[in-house]
Amino acid sequence: MAGSPAFSQPTGLRAWLLSPEPTSRWQARLGRFYLGWRTFTKNPLAVMGLGIVVLLIVVALFADVLAPYSPVIGGDLRTQRLLPPNETFWLGTDDQARDILSRIIHGSRITLFVVVLVSIIATPIGLLVGTIAGYLGGWVDTVLMRITDIFLAFPRLVLALAFVAALGPGIENAVIAIAITSWPPYARIARAETLMIRNSDFIAAVKLQGASTPRIILGHVIPLCLSSVIVRVTLDMAGIILTAAGLGFLGLGAQPPSPEWGAMVATGRNYLIDQWWVAAMPGLAIFVVSLGFNLLGDGLRDVLDPKAAK
Amino acid sequence: MASSIANGGGGHDALRFYLTKTAQFFLVLATTLLGLVAVTFIIGRVVPIDPVLAIVGDRAPAHVYERARQELGLDLPLIQQFWIYLKKAVTGDFGNSVLTTNPVMTDIANAFPATFELATLGTIIGTIIGIPLGVLAAVKRGTLIDQVVRFLGLAGYSIPIFWLGLMGLLLFYAKLGWVAGPGRIDVTYSYLYTPITGIVLIDTAMQGQWDAFWNAVSHILLPACLLGYFSLAYISRMTRSFMLNELAQEYVIAARVKGLSEMRVIWRHALRNAAVPLVTVIALSYANLLEGSVLTETVFAWPGLGQYITNSLQNADMNAVLGGTLAIGTVFVLLNLVSDLLYRLLDPRTR
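For the protein sequence lines, the chains are A and B, in the order given. Residue numbers 1 to 310, in this note's numbering, belong to the letters of the first sequence in order. Residue numbers 1 to 351, in this note's numbering, belong to the letters of the second sequence in order.
These are computed hints drawn from the structure, not numbers from a lab. Glycine is no exception: its CB is placed at the ideal position from the N, C-alpha and C atoms. Take the hints with a grain of salt, since some may be wrong.
Short, incomplete list of chain B residues facing chain A, as computed with Cβ under 8 Å [as the list claims (entries may be wrong)]:
#1 36
#2 39
#3 170
#4 186
#5 188
#6 195
#7 199
#8 295
#9 309
#10 328
#11 332
#12 335
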């Protein structure tokens, strides 16, 4: 922040937000948020990442309106198959004479679905395992962390592959498989944070007031671990997208005719040499979206977790 | 834990320290491997396909079904089944592959050299290019080269590897014709040498089949560069941050004050100190390439472990999938432990 004496006094809303003596908890929170937002917006790449992610959400929400054609039903198979990008079909058409742009637009829903669901499943598991292990310590800690290490001992995609092989292909099973492989790093982080929180005075105070262990963990430890875990989850989202796309590419994710990006690349593989756009376009979409999540995660880390920035 | 053995001798203490460390090391290794076996066992149990039905067919009478179930040991308690599975796994017996009819272990042994060859070359490429890039980015912090390294790193974390592989094939194989296409070697050359190590580059070179050697080189070049890029993205980023850390140390200032040339300060003094954590990073990136190789091998029809797993997957060949998963998991664990050990060996501060 500008430390020069000539710094002009903020007025209006900004003054209220930046007030050194907030009059309510709500104001203090908003003020903290505003400061974080200012740090965040100083990083143009992070803002770009946020833009990409917002764009993904908007496209997914309004896919029906935005997509010019049906993502599943193709056009005339005699004349509209495998057309290169042109004015009617901006990104060309695939082997079923379907508009690739429309398929990518609808595919954004699947990508978002996977990312959101995996985070919703994996984050609580990681948080619970990590905080319980860290707070209780002793043999519980040893056992839980050994289990975490075992899951970390598999390369993620390979473990997800094995799970999908057992559960059967499909988008839901892919989500479950990716979630099962995602929680261990969150547990590690939550445990490390808990170890720092565990011995602080306020926990002792809560304990003296008679709070039960579940209450302490859920009400006092987990909220403090949240921000670093959220940063990690955001940084992980690109990895989740890539794993899901990899499963789709191998035919183990969403099943046809669902417009999953990885599966679309797999289709395009058959036409790679003469109709490159069929494989190139969906892959580009995967790249842009995971880049967006990576940039956003980097920016969030700088704001929420300045220690880990460098 | 003041035991009576340590009666003053410093050598004794150190020895005991190392013995405890070694014991801990093997304990961790053993429990992790046991866990890997347990996870694959559990995965194998949740398969919705009834393995008995798969053998006897769905029209078999009840007594045939029951006998097959007993032969497979599926009527035993789960814990006993796990014990049998574990005993077999220790001896390397994962059953036979339905697809190739060979024992899974033989298939894995055949496929492993191909993966090893590819991942090793990838790591070499990534290290040779990644370290100088990372050093340059740290020295010229904030300049164009720093931005380029940052972008390369970010892109490496964001590009789907299978897609980049396909685009590489399109450009360098189909359009430019600089490299050979999928596979390890052209069929015409594949009978010119006898596989000894299973690593084509070494086999052909040892037997003086230089035509075959260069053909193999042109096959491996693209997939190795692809894996090399992903390894480079990681290694250059870590090198940069280690070097920034070292360049801020006082010994660097001291070296400069002594009048050493900047080249010497950077490459001899700072890099040497950054080298210790870098060894760990290289070992980790090697382990990560195992994961990348699954998709890369599928794209390039590379007959390694990754392709073996995906092929078996598509044919619901669970023995092969679980055996392959366990093999990759074991190599992954060993590499992680090796990187940990190397760190302890190389860095005197951890002793």
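Tested hints:
1. Taking 8 Å as the C-beta cut-off, the interface hint given for residue 36 of chain B holds, the closest approach to chain A being about 6 Å.
2. The interface hint given for residue 39 of chain B is met, as the beta carbon of that residue sits about 6 Å from the closest beta carbon of chain A, less than 8 Å.
3. At its closest, the beta carbon of residue 170 of chain B sits 5 Å from a beta carbon of chain A; the interface hint therefore holds under the 8 Å criterion.
4. Against a cut-off of 8 Å between C-beta atoms, the interface hint on residue 186 of chain B is violated, since the closest Cβ of chain A lies about 18 Å away.
5. Look at residue 188 of chain B: its Cβ only gets to about 22 Å from chain A, farther than 8 Å, so that hint breaks.
6. The closest approach between the C-beta of residue 195 of chain B and any C-beta of chain A is roughly 26 Å, which is over the 8 Å cut-off, so the hint fails.
7. For residue 199 of chain B, the interface hint is violated, the least distance from its beta-carbon to any beta-carbon of chain A being 22 Å, above 8 Å.
8. The interface hint given for residue 295 of chain B holds, since its Cβ lies 5 Å from the closest Cβ of chain A, which is under the 8 Å cut-off.
9. Because the smallest distance between the Cβ of residue 309 of chain B and any Cβ of chain A comes to about 6 Å, under 8 Å, the interface hint for this residue holds.
10. Among the interface hints, the one on residue 328 of chain B holds; its C-beta lies about 5 Å from the nearest C-beta in chain A, closer than the 8 Å criterion.
11. Here the hint on residue 332 of chain B is kept, as its CB sits about 6 Å from the closest CB of chain A, short of 8 Å.
12. Annotation: interface hint on residue 335 of chain B violated; nearest CB of chain A at approximately 10 Å, more than 8 Å.
The structure is inconsistent with the numbered hints 4, 5, 6, 7 and 12, although it conforms to all the rest.
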